[in-house]
Structure formats: C-alpha cells, structure tokens
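S.K.: One-letter residues, chain by chain:
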Amino acid sequence: MIAAQNLVKTFGTVTAVNGVSFDVPAGEIFAFLGPNGAGKTTTIQMLTTLLTPTSGSVRIDGLDPRTHSHDVRRRFGIVFQDPSLDGELTAYENMDLHGVLYHVPRRTRVERIERLLTLFELWDRRDSVVKQFSGGMKRRLEIARGLLHTPKVLFLDEPTLGLDPQSRNQLWTHVKHLNETEGVTVFLTTHYMDEAERVAQRIAIIDHGTIVAQGTADELKQQTQTTSLEGAFLALTGSTIRDERADAADQMRQVAKMWRR
Amino acid sequence: MRAIYILWLRELKRYSRSRAQIIASLGQPLLYLLALGFGLGPVFEQAGRGSYLQFVAPGVIGMSVLFSSIFSGIGLLWDRQFGFLKETLVAPVPRLHIMIGKTLGGATVSVIQGTMVLVICLLAGFRPSTMATIPLAFTFMVLICIVFAALGTAIGSTLQNMQGFQLIMNFLVMPIYFLSGALFPLTNLPKVLAVITRLDPLTYGIDGLRGAFIGVSTFSVATDLAVLLSLAIAFTVFGAYRFSKIQI
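Those protein sequence lines, which keep their order, are chains P and U. Reading the first sequence from the start, the letters are residues 1 to 261 in the working numbering. Reading the second sequence from the start, the letters are residues 1001 to 1248 in the working numbering.
No wet-lab data here; the hints were simulated from the structure. Even glycine gets a Cβ: it sits at the ideal position worked out from N, Cα and C. Careful: at least some of the hints might be erroneous.
Every beta carbon over 12 angstroms from chain P, so not counted as near; a handful from chain U, in silico [unchecked claim]:
| # | residue |
| --- | --- |
| 1 | Ile1006 |
| 2 | Arg1010 |
| 3 | Ser1025 |
| 4 | Leu1030 |
| 5 | Gly1083 |
| 6 | Thr1088 |
| 7 | Leu1089 |
| 8 | Ala1091 |
| 9 | Leu1136 |
| 10 | Phe1138 |
| 11 | Leu1167 |
| 12 | Leu1172 |
| 13 | Lys1191 |
| 14 | Ile1196 |
| 15 | Ser1244 |
Listed next, the in silico DSBU-like pairs over lysine-lysine satisfying Cα-Cα at most 35 angstroms (straight line) [as the list claims (entries may be wrong)]:
| # | chain 1 | residue 1 | chain 2 | residue 2 |
| --- | --- | --- | --- | --- |
| 16 | P | Lys152 | U | Lys1245 |
| 17 | P | Lys131 | P | Lys176 |
| 18 | U | Lys1245 | U | Lys1013 |
| 19 | P | Lys152 | P | Lys176 |
| 20 | P | Lys131 | P | Lys152 |
| 21 | P | Lys221 | P | Lys176 |
| 22 | P | Lys131 | U | Lys1191 |
| 23 | P | Lys152 | U | Lys1191 |
| 24 | P | Lys131 | U | Lys1245 |
| 25 | P | Lys221 | P | Lys131 |
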C-alpha cells in the first residue's frame, strides 16, 4: 500500500532523508521511530504530496504522488505533527470544512462530526472559536478531524504529542478499531515506545535520514539483545540528544507571536 | 464546487469575526480622504480643476479595495504559518478550486470594505454625478478586487515568510497606489510618469471608478473594462500556477 524505494531529500547542503526504503502492505499498522530531526516528518511529507523527493520513488496504492497527486490525495488522511487548524473558526466549522474538502456526504458528515467530537470530549465546546482552546483540546480536535473521513491510508505524525493518557488511549483504541473493521493502513510516528509496541505490527527505526533497523518489536529486541523496545531504540540510535534546525515556519511563528503580543 | 463555496465562506467568516481589524482598516482611507480632500482642495480649485474631494474619493475607494484584496491574497502566508495551508494542500480538491475559493472570498471581503469606504465618502460630502452608473462602479470594484487578490495569492505562494512582506509593501503595493492616478490627474504629466502610470493596473481601475462615479475619465470606460478584465484573467492564471507549485 505504501512503498518507498531509495528515497532521498536534500535541502541545500542538508540531507534530511538519505536512501530510505520500506514497504507497508495493505491493512498493516507501521510505526516509524527516530530521534528528533531524523527525517520522519520529511518522509511523511514526501509520501503525502507536500514535498517532491530529490530522488527515489514513492508509491501509494500503486500511484506516484508526483504524477498522480490528486488520486493519491483521495486515498489518504493525515494528522500533522504541528497545528493545522483555523483558529478563527469554531471546532464544528473546522470539522465541517474538512468534511466538505474530503467529499464526505452531508448526512454522514453531521453524524460523524457529532460522534467524533463526543468521543474526544469536545462536543460541548463545538461552537467555540478554536483559538480559545488549550493545547490539548486543539490536539484532540486535530485528531478527530483526521478521522472524519475513512481513507485507505492514515498518516499519524506524532499524534499523541501533548495529549493526556485518556485521550491517547481513546486515539489508539479508535485507530486499532478502524484498522480492524475497515482495513485502514496506518503509518505512524511517535516518541512513545509503549504506543508503538502496543499498536504497530512492524516498526522501522530511522536515524540521520537512514533506516537503521526494521521488523517487529520482538525482532528489534532480539537483534539488539535488549529486553524493551526503548532499550533497542537507544542501542540503535545512541544516547546523544539531537537538535532540530529551526525552519522558516518556526521563525515565522515567532514573528507572529511578537505581533500578537 | 462545494470546496470553492466553503473556502469562500471561510474568508467571510474570518472577516466578520475580526471587528477591530475592520474598523482599523477604515482609518487609512478616512485619513487620505479628509487630509488630502480638504487639505489640497483649495489648491486644486485654484488650478481650475473643480472639487478635489470629488476627484479623490474614487481614488480612496480604489485604495481600500487594493489594500484589502492584495492582503487577502498575502494572507496565505498566515495560513502557511498557522498550518492551515497544509490542511487544504493535502485535501483531494484541485488546487485551482482552493485558489478560486480563496480569491473570490478575498474579493468579496474587499468589495464590502470598498462599500463601507464609499459610505464614508458620501458622509464626507462626496456626490456621484448620477446614480445610474453605480452598478458600473461596482463592476470596477469587483474587477480591481479579483486582479489584486489573484496577484496577492501569487505573491503569498512565493514568499516563504513574513520578512518579504515589508518589501512587497514598499516596492509593490505603495507604488501601485501612488502611481495609479488615485491622487492626481493623469493629464499633463512628465513623460516618464505618464508611461509608468499607464503600466500600473490600478490606473485603469481608478479611471473606471472615476468615470462611473463622476463621469470624468482619461481613458474610455470600455478600455478600462477591457484592460482590467484581461488582467483579471492573466493574474488568476498566474496566481493559480504559483499556488499549484507550493511545497511545504
């Protein structure tokens, strides 16, 4: 369902992704783990038509995002790592807009919006403008929105960042349910090893833009002779802390903060 | 079609919810109208050109329409920055539809803004020569809006961050305004200025507005319409092209 061959992305002199290959069969939950700045988000952006790879190939359901971007977009849904809500609109309006963009028929849309907003405990605040929401509420809304249409492939880029344990639990239960009942293929990244171990059938570990290991959680533990996935992760990626470069979007966000006092 | 509608509606909702901004954006045209309209009035009259307020009001309306439409396009930068742009870019909707929805939304907001400035002008003493041509004036307003909302989208798609914003403001938006004949008549200009004013798209918008409101224009109304219409098409195609090339 998702196939990448020798994927490379360079920004000027920086190589963010350097020859990544993997293959996710339909119906699988696949976790992509790696330290900050390892190339996880860049890979997702290439898979989801937001970035063009420098070299290498991508296939989503057999289609190339470069030449069939529109058909590829019909097949996936995504929860982004950083915010992508419209703060001036209400929670309900954000959901509705998404539903319209993804061609969810009106009746289904109304029904699902209510169900998802209730599930993530936002229904009472549906008519509040999103910019008044706390960080955790925005995150929940973002996830509820990503689940509004049922795509063939669901990308989750660190979806649980900043969520409380209750919401995390809700999210993964729901994702597993979608995967089992509707056969949705899931591609996720996370920093929480327990989550990856709990939901993912296979795991790839990426560091400095290359995949250093992939397999089931047990295989990774065996390979590194460790007892936990966390141990395996540290054994494979070392224990130094990584810095992410501040990109243009981060800089702009800072300017905006200044402007808005 | 639904996508175009919902994105158009979004622009309107965002506009109607920013009350403070609406009032703030009326300040500048008001200042131009009062300071220049009444300040330069006596000189203008002595030169035998009639009432300056009558002359400058269409220019001030054009200005408010120019500013709000071009900024609605550049508003893409904010969408990019707050992340909402990504949401629309990965949606299974042709980017052309997204761009059209946003442009029409921005244009609608600008027409509303222009109408409010028109009301202020009327309160300040501006008197259109005939009511019959008001629909024509609105046609010109709409065309100006589309031209510059599309141009703004092209710019917003190209700029990566707010740093370029000042540059655009000082070297594009302000010159477009000052060199459009909004503030001075286009007759008897020095050669260089005459050429520059004729290259400025807004010139034809202001000229058309003036023709419709007070029956005085340098070019014929048909010329103004033709130029603006072609520019509206050209800029929309250009804006759509730039928009389709966005990478995050």
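S.K.: May I ask which of the numbered hints given earlier this structure violates, with the numbers listed in increasing order?
M.R.: The structure conflicts with hints 1, 2, 5, 6, 7, 8, 15, 22, 23, 25, although it agrees with all the remaining ones.
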